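J.: Sequence:
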Amino acid sequence: MPPMSKASRFFDRADQQEVALCQAINRSVRFRPIRGYFRVASRLGDGWFWYAVILLLPLLEPERGPAFALLMTFTGLTCTLTYKTLKHRLIRERPFISFPAINCATPPLDRYSFPSGHTLHAVCFQTMLFAISPALAWGVLPFTLSVAASRVVLGLHYPTDVAAGALIGGGMGWAAVQLFSQTIAAG
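The sequence shown: position 31 = 31 (full-length UniProt numbering), numbered continuously.
Honestly, I wouldn't trust all of these hints.
Subject to a maximum C-alpha distance of 16 Å in a straight line, what follows is the list of computed EDC-like cross-link-like pairs (lysine to aspartate or glutamate) [what the hints assert, rightly or not]:
id : residue 1 : residue 2
1  : Lys87     : Asp110
2  : Lys6      : Glu93
3  : Lys84     : Asp46
4  : Lys84     : Glu63
Using C-beta positions, here's what the derived DEER-type ranges look like [claimed, not checked]:
id : residue 1 : residue 2 : range
5  : Arg111    : Ala163    : 51 to 61 Å
6  : Ala163    : Ile34     : 17 to 27 Å
7  : Gly36     : Ser181    : 35 to 45 Å
8  : Ala24     : Thr78     : 31 to 41 Å
9  : Thr85     : Asp12     : 18 to 28 Å
10 : Arg9      : Thr80     : 26 to 36 Å
11 : Phe31     : Pro142    : 18 to 28 Å
12 : Leu141    : Thr73     : 16 to 26 Å
13 : Ser181    : Gln16     : 40 to 50 Å
14 : His88     : Leu60     : 32 to 42 Å
15 : Ser5      : Gly171    : 44 to 54 Å
In short, the hints are calculated from the structure, not lab data.
What you are looking at is a predicted structure, and each value in this text was computed from that prediction instead of being measured.
Cβ atoms here follow ideal geometry from the backbone N, Cα and C, with glycine treated the same way.
Sequences are here, hints too, so could you generate the full structure?
T.: What follows is the structure, encoded as structure tokens:
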């Protein structure tokens, strides 16, 4: 058996510290309305909700919306490359794989857990929306929070996966807006 990497040892310790919280949160899936709500949030968080927002932006913000929609698209692709690279390099098993007492309430899109790609994208786009349309961003915020919560509720991620996804996504969204703010302003 090959020696464990530093990341594997770190995640092993973190998993042991987070499993009780994961199990407590995951117990809520026993209740059909909660399970149903978070499954829908998770499914829409696969990208469908964000695709709709990106397509609506040119209509909602005619001056800056088209450039911003394009920026969100390219930033979203960058987010995908980032989280996939991290997941395949850091290799943290999902909670329901490591701890069979955790119920996987919906099929995962990929194998590994760290960071949460759903949360990374949701927080990235949420951060970007606050830059162009704060009113829309406040309206979308409950969805973003539901997507993040769904990852732990459904047994797919540890809380630290979600926190890392939020930090990375927020940073990427903020950086994209800062780097391209003049392009967006020019519309």
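J.: Name the hints, by number, that the structure is in violation of.
T.: 4, 5, 15
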